[in-house]
Amino acid sequence: MNKKTPDYVSTSNPCKVCSPLGVSLAVKGLENAMSIMHGSQGCATYIRRYMISHFKEPLDIASSSFDERSAVFGGKRNLRAAIENVSLKYDPELIVVAPTCLSETIGDDLRAYCRNFDSTTSAEVLSVSMPTYTSAHLVGFYGAVRSVVAGKEKGDEKRQAVNIFPSMVSPADLRYLKEIVGSFFDKSMVMPDYSETLDGEIWGEYIPIAPGGTPQKDIASAHKADFSISFSPYTKEDISAACWLEEEYGVEHFDLLPPIGIRGTDELIDVLSQKSGRDVPRNLVRERARLIDALADSHKYTFGKRAVVYGDGDFVAGIASFLDEIGIVPVICACGTPFPRFEEYLKNSLEETEPEYIGADVDFRDLEELMEGKEYDFMIGSSKGYPLSRKRGIPLVRCGFPIHDRIGGPRFLHVGYEGALNLLDTIVNTLLTKKQDDSTVGYSYL
Amino acid sequence: MGSAILKDRENQIFIKEQSQGEITCEKSSLAGSVSQRACVFCGSRVVLYPVADALHIVHGPIGCASFTWDIRGSLSSGPELHRLSFSTDLREMDVIQGGEKKLERAISELGELHKPSAVFVYATCIAGIIGDDIAAVCRRTAEKLGVPVLPVHSEGFKGTKKDGYKAACDALAKIVGTGDISGIPEVSINILGEFNLAGEAWMIEDYYRRMGVEVVSVLTGDGRIGKISRAHGASLNVVQCSGSLTYLAEHMKEKYGIPYIRVSYFGIEDQSRALYDVADFFSFNPGLRTKAEEIVREEISVIMPRIQYYREKLAGKKAAVYVGGAFKAFSLIKALRLIDMSVVIAGSQTGNKNDYKQLEELCDPGTVILDDSNPLELSRFVLEKKADLFIGGVKERPIAYKLGIGFCDHNHERKIALAGYEGMINFYKEVYSSVMSPVWKFAPRNNRRKSHE
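Protein chains in written order, with the numbering used here: chain A, 967 to 1412; chain B, 43 to 495.
No wet-lab data here; the hints were simulated from the structure. Do not rely on the hints blindly, as some may be mistaken.
[As the list claims (entries may be wrong)] Covered, in the sense of this in silico footprint (three residues per stretch, anywhere, with C-beta under 8 Å from a C-beta of chain A), are these stretches of chain B:
| # | segment |
| --- | --- |
| 1 | 104 to 117 |
| 2 | 125 to 136 |
| 3 | 141 to 155 |
Ideal placement from N, C-alpha and C gives every residue a C-beta, glycine not left out.
Using the sequences and the accompanying hints, generate a full structural model.
Here it is as structure tokens:
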């Protein structure tokens, strides 16, 4: 299970983006908040373009627009201008400043800048502390959530029983998670929550900051909650909001498997049911039963199939776990970012199958070489795998982020029983389409 | 709610026959304004991207390479190295210790793996800050690989997108002049600033060929290092997309005495002029003009009846135009006028004083002219001017859709040919299917259902 590919020093066709992107995405999920990328104008613009192609929603992200002067003398002046202009135009309640590799390298102390910010803005200004070039988008995503939870002025009031810190899931996933949690607790916080801000409606007039997002008051009360749930392997690192709340305020922390597939969802529901003292509601019981019924209907099409899974570590683990549950072998499990304990983490989520390769910091050239000489039934991951799937003639099941060549990425449901059902239907129908297309007979019953 | 226009940006907005003085432009984006512009790197990357037999290595942390992987619709008739993404993917230790060694190994391994005709090495912000001597690494690896390895000084913060164009032209200038120019006839041109989106360069090359003009190289659409190296053998440079390749045209004029003309291949009028101007340049051969007239007649007769159809459907509709270079806006205004549509907003990311003066002359009174604009300004004017259609790039698309109006992509990422005569029909068809789609009937501004309010 060692890395079979030659050790390239360069990266080709990356399976990751950068941490400031993760910050911008997380901040889109906070009520009345704006993000500022502290660096060159291009960082904000490229991130906007990349995410617009997936979410198909406005993504107004500001930049402190470095020039040579700021690169030499520091970007404090530009940041000040950016904060003031963003306040004038967008009037946010919260401004989150993300470092970029440029500002980190020149040593701009964002925390100090934001703390001593003597401006006319009425917004709370917080900076994200995260490494900008050691890792990738997920680090920015979790880093932003933690920095906001930790840095925000605390409220006295207890508002929610539970804090849910999801991974980088789709708006549809967030909506469904809220529904699930809502059936156990009257008041909960899901952070970030871009279920409305990045999958909204036509407005008629341009709204500077899209309505929706995790309420600021809930964030301020996160430390008063009874417990937190997070779903990420990264939560062990120093970038987890749930870990911070546990350490600083003793808020109980459940670190669960991603709620993708039956085991992951069961685990989440068990915790919710146990902590709330409420029975699992009938609708969830029915959803689970329908899913199991569908698994029986489709098991002949899935058993023993060979899949290639790639993307973010937690996403890959979640998908691999679900494939394992339905008899598909996740033959290659490739995480696009550096992730020291990936193998251990992934193996923990499997019961039936044994992958031939588990590895992190993999790009699409590595993946191509890993796949060489063997047959696979399908690939599953973001649309960035399309060139490889096309080259190899292997069907691609698009899910996760980003999906740049199909519509509906934000509406794709991965989590919970309904998400598992959606994944099952999509995977099985992809396999059936391939079977039908390749057949010389062309049966109309399969 | 905040205000749509910041005080520091007021002079970058000009309303014809209402505003005083002249528009302010060619300055860095205002911090916090949410500019639609990218950076120096972006300028270099878009110009060089279509060179299909070269390796494009981005020297820096991963973001810049991820964001520009397979990003443009530039087609190649052969190799497709340009559609891959290569990066040194600098990590913390590289930043501390300097990235030169990693860069050198990356160039060597990728060079051996892909056997390119040349290598472009893009310096990103970090490469500039940590002081890597990229030029030295390029010299060393060029010797080893036996192909040109060219540094592109595209550090994001060192100016605007336009400075990136210049950095790309500097790199191209090092290739031009290195090839054998024997056998190139006198009636020959280079096409500059045409990127072969959806095969547009092929269409345009074909028009010139039919006239009897040899196209020595296209920069950079369907680009090949070999062809670019012979570009100095052509008699004339024909420059489209005036912003990006004019630097190279100027350089070639100075160094090789090759004159250049500015053209646009967008719109019947401009496309036809692009053929006539070339014919007139070679006036010693009157056959060219006759041939050009024939082509124009022939092509127009094919598309005119269809244009008539679109005119009937679209006359009176209003468009907002916000594009990268101002030259494209001129062509768009003329093309829309041909079907009796008007342009109520015309803006660009990188226009200069001259561009905006020309734009003002061309526009109707009351048209809003914008430099380096942003979502809040654009959306405000779109509503104020009651535009039916927005023409721009990916980042402008959600602005249009949130307001419930149609959108046409006229940027580098599109997959539909909009240049030439055939492209004109594609363009009108795009406009038609965007504006006339029945879905807009359900948008809130057209569909106030009492029961849901």
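Each hint, compared with the structure:
1. With 9 residues carrying a beta carbon less than 8 Å from a beta carbon of chain A, the segment 104 to 117 of chain B meets the three-residue requirement, and the given coverage holds.
2. Three residues within the 8 Å Cβ limit are the bar, and the segment 125 to 136 of chain B against chain A gives 10, so the coverage statement holds.
3. With 5 residues having a Cβ less than 8 Å from any Cβ of chain A, the segment 141 to 155 of chain B passes the three-residue criterion, so the hint holds.
This entry satisfies every hint, going by the numbered hints stated previously.
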